[in-house]
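Visitor: Chains A and B, in that order, are what the protein sequence lines are.
Note that the working numbering gives residue 27 to position 27 of the first sequence, counting from 1, and the numbers run on in steps of one.
Note that the working numbering gives residue 269 to position 269 of the second sequence, counting from 1, and the numbers run on in steps of one.
Hints are computed from structural coordinates only; laboratory data are not their basis.
There's no promise every hint is true.
[Unchecked claim] Heads up, simulated DSBU-like pairs for lysine-lysine below, C-alpha to C-alpha not over 35 Å straight-line:
(1) Lys-328/B <-> Lys-78/A
(2) Lys-31/A <-> Lys-328/B
(3) Lys-78/A <-> Lys-366/B
(4) Lys-328/B <-> Lys-268/B
(5) Lys-205/B <-> Lys-31/A
(6) Lys-220/B <-> Lys-31/A
(7) Lys-268/B <-> Lys-78/A
(8) Lys-31/A <-> Lys-228/B
(9) Lys-143/B <-> Lys-31/A
(10) Lys-366/B <-> Lys-31/A
(11) Lys-205/B <-> Lys-366/B
[What the hints assert, rightly or not] Sample of chain A residues with no beta-carbon within 10 Å of chain B, all distances over it, derived:
(12) Arg-6
(13) Asn-10
(14) Gly-11
(15) Val-12
(16) Asp-13
(17) Gln-15
(18) Glu-33
(19) Asp-55
(20) Pro-75
(21) Lys-78
(22) Ser-81
Model, not experiment: these values are computed from the prediction.
Just so you know, even glycine gets a beta-carbon here, dropped at the ideal spot from N, CA and C.
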Amino acid sequence: MSQTDRFTFNGVDIQYEEGQSIAAALINDEKRELRSTRFGGEPRSIFCGIGICFDCIVVINGVGNQRSCLIQAQPGMKVESGQ
Amino acid sequence: MIIVIGAGPAGLAAAEAASRNGTEVALIDSAPRMGGQYWRHRKSVTGYKSPRADLLFSKIAAVESITHISEATVWSAEREGDIFKINYLQGGVENSLVGEKVIVATGAYDRALPFPGWDTPGSMTPGAAQSLLKGHGVLPGQKIIVAGTGPFLLPVATGLAEAGADIVGLFDANSPLRWALSPRALISNLSKFFELIYYARLLNKYRIKPQFGRAVTALKDGVATVSKVDSHFSITGQQATLPTDVVAVGWGFLPDLTLGGLLVFKQKVDSDGTAIFSVDNFQLSSQRDIWIAGEATGIGGADLSLIEGEIAGLAASGQKISPTLLRKRFRKQLFADALKRSYPVQDGWRGWLSVGTTICRCEEVKLQEISDSVSELGAEDSRTAKLFTRAGMGLCQGRMCSRNVSDIVSGITGCAVTDTDRIAGSNRPIAEPISLGQLSDGNIRL
Chain A
1 MSQTDRFTFN GVDIQYEEGQ SIAAALINDE KRELRSTRFG GEPRSIFCGI GICFDCIVVI
61 NGVGNQRSCL IQAQPGMKVE SGQ
Chain B
1 MIIVIGAGPA GLAAAEAASR NGTEVALIDS APRMGGQYWR HRKSVTGYKS PRADLLFSKI
61 AAVESITHIS EATVWSAERE GDIFKINYLQ GGVENSLVGE KVIVATGAYD RALPFPGWDT
121 PGSMTPGAAQ SLLKGHGVLP GQKIIVAGTG PFLLPVATGL AEAGADIVGL FDANSPLRWA
181 LSPRALISNL SKFFELIYYA RLLNKYRIKP QFGRAVTALK DGVATVSKVD SHFSITGQQA
241 TLPTDVVAVG WGFLPDLTLG GLLVFKQKVD SDGTAIFSVD NFQLSSQRDI WIAGEATGIG
301 GADLSLIEGE IAGLAASGQK ISPTLLRKRF RKQLFADALK RSYPVQDGWR GWLSVGTTIC
361 RCEEVKLQEI SDSVSELGAE DSRTAKLFTR AGMGLCQGRM CSRNVSDIVS GITGCAVTDT
421 DRIAGSNRPI AEPISLGQLS DGNIRL
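Sequences and hints are given; from them, build the entire structure.
Guide: Below you can see the structure in the form of structure tokens.
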């Protein structure tokens, strides 16, 4: 068994395994809608999965435009839906 | 010192080959572990089953003259006389590497085509599904449709099935009969038949029946529309609707040419319309002391990337390159050309779109706005359409949509996309978004 830990996404606790990206942990928890778009308010999720498309961007500990597919989850991270 | 950018098959082979005569190598990559997209793996899982990868990983870890810099993203590069300065971000901190020679092995990413619903959650590239599974041990959903074109769909569909997903369908828009166009490539690469048999067995085991001449042309509220398409990818009428959690749709790959705009080396347009880097027989770019290997010189798969990487590594470190190695590359190139002939992306996809379909995901530009920029505002190429609509001006810098925008504009004007237009779409002065704070902290000069 891999070690599990938690971060929060829009205030909700999310469990993850060590080494998992934020996006992977969220998808695993069936949280597919990672953000809504700036103009149309449309839901977006992971798309390219390798840091090219920037569709999965979230706000991490107050810093915006972070690609959740690339950044590994850390204990206690505060993740919020970006725009 | 040789700086190798990218630790996928090409970069690993280049670093290993260059280190054979003791040359100092810095291998820089954005991922936590080496292997690139192709040999993506988790620390705790050795599920990628590749003796070639294991051998390269252990060699590189054992050689003292190779320094592996992981989780570092190159955001710019510059040249001053005989010295290169490669600027990268690592854990939010800006840093630089200095070397006399550079090997670029930046790989490729999935090519995506728009369709109604491709921007909604549940739609992703096969590469995304693959990376979630292999890199993070997560299934993107339970019911999955794998579609698009190309041999990459096979490992994705069988890998997901192996991990417990229900593969609702595996659809390739092209016909396997197209392989008949490339008899020479098949005869000179017989090992590929064993790979085919391997996947045929897996497909059989998981009861996946690949269907050809079909494409996912819409996704709405968890239901995918799968249409029969002809050899031009035009919908011929017959459609089926399939409930699914995920559609993983990909149309081959696009090389990452970002560094070309920074270090100014020559690009050209490949036989399939893809902009690639131009290299000589020894993988040397148009600039002295910069070699390029792997997908960035034309999509060809891991076998070709390994050989190109080895040649680049040997050339950059001043070692002899055997004619056998060059012949091996020629054989793999034949196969790469056959792949392009067998899995073309035809223009008919433009007919799948509706006026409200998102074309540029970042800036939320719809087809209607691009059409209007051509018919009402007079845009004649993708560059002008981009200036009018902002398509391609978002965070991804047009990596996802610029080629599609060119094709859409060309479909309206009736003028073929020029090579200049194809190449212009890949030139970017900054490789990665960087904050002004990071810029000012790092004392960077642009």
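Visitor: Take the hints in turn and mark each one as holding or not.
Guide: Evaluation of the provided hints:
Simply put, Lys-328/B and Lys-78/A have alpha-carbon atoms about 51 Å apart, too far for the 35 Å limit, and the pair is violated. For the hint pairing Lys-31/A with Lys-328/B, the CA-to-CA distance comes to about 47 Å; that exceeds 35 Å, so the pair is violated. For a cut-off of 35 Å, the pair hint linking Lys-78/A to Lys-366/B stands: about 33 Å separates their Cα positions. Among the hinted pairs, Lys-328/B with Lys-268/B is consistent with the structure: their alpha-carbon atoms are about 23 Å apart, no more than 35 Å.
Our distance criterion of 35 Å between C-alpha atoms is met by Lys-205/B and Lys-31/A, whose separation comes to about 31 Å. Distance hint between Lys-220/B and Lys-31/A is fulfilled; the C-alpha atoms sit about 18 Å from each other, no more than 35 Å. Taking the CA atoms of Lys-268/B and Lys-78/A, the gap is about 45 Å. The hint is violated against a cut of 35 Å. At most 35 Å may separate the alpha-carbon atoms for a hinted pair to count; Lys-31/A and Lys-228/B meet this at roughly 33 Å.
Note on Lys-143/B and Lys-31/A: the hinted pairing holds, with a Cα-Cα distance of about 16 Å set against a maximum of 35 Å. Distance restraint check for Lys-366/B and Lys-31/A: the Cα-Cα separation of roughly 26 Å lies within the 35 Å cut-off, and the hinted pair is therefore satisfied. Straight-line distance between C-alpha atoms of Lys-205/B and Lys-366/B comes to about 42 Å, which puts the hinted pair past the 35 Å bound. Every CB of chain B lies more than 10 Å from the CB of Arg-6/A, the least distance being 16 Å, so the non-interface label holds.
No Cβ of chain B comes within 10 Å of the Cβ of Asn-10/A; the nearest lies about 15 Å off, and the non-interface call holds. Interface exclusion of Gly-11/A from chain B stands, the closest Cβ pair being 20 Å apart, more than 10 Å. The Cβ of Val-12/A lies farther than 10 Å from every Cβ of chain B, with a closest approach of about 17 Å, so its non-interface assignment holds. With a least CB separation of 17 Å from chain B, Asp-13/A remains clear of the 10 Å interface cut-off, as annotated.
A cut-off of 10 Å between C-beta atoms confirms that Gln-15/A is not in contact with chain B; the least separation is 12 Å. Not every beta carbon of chain B lies more than 10 Å from that of Glu-33/A, the smallest distance being close to 5 Å; the non-interface claim is violated. Once the 10 Å rule is applied to beta carbons, Asp-55/A is inconsistent with being away from chain B; the minimum gap is 6 Å. The Cβ of Pro-75/A lies farther than 10 Å from every Cβ of chain B, with a closest approach of about 16 Å, so its non-interface assignment holds.
Look at Lys-78/A: its CB is around 16 Å from the nearest CB on chain B, clear of 10 Å, so calling it non-interface holds up. With a closest Cβ-Cβ approach of about 12 Å to chain B, Ser-81/A is found to remain outside the 10 Å limit, as its non-interface label requires.
When each numbered hint is compared with the structure, violations occur for hints 1, 2, 7, 11, 18, 19.
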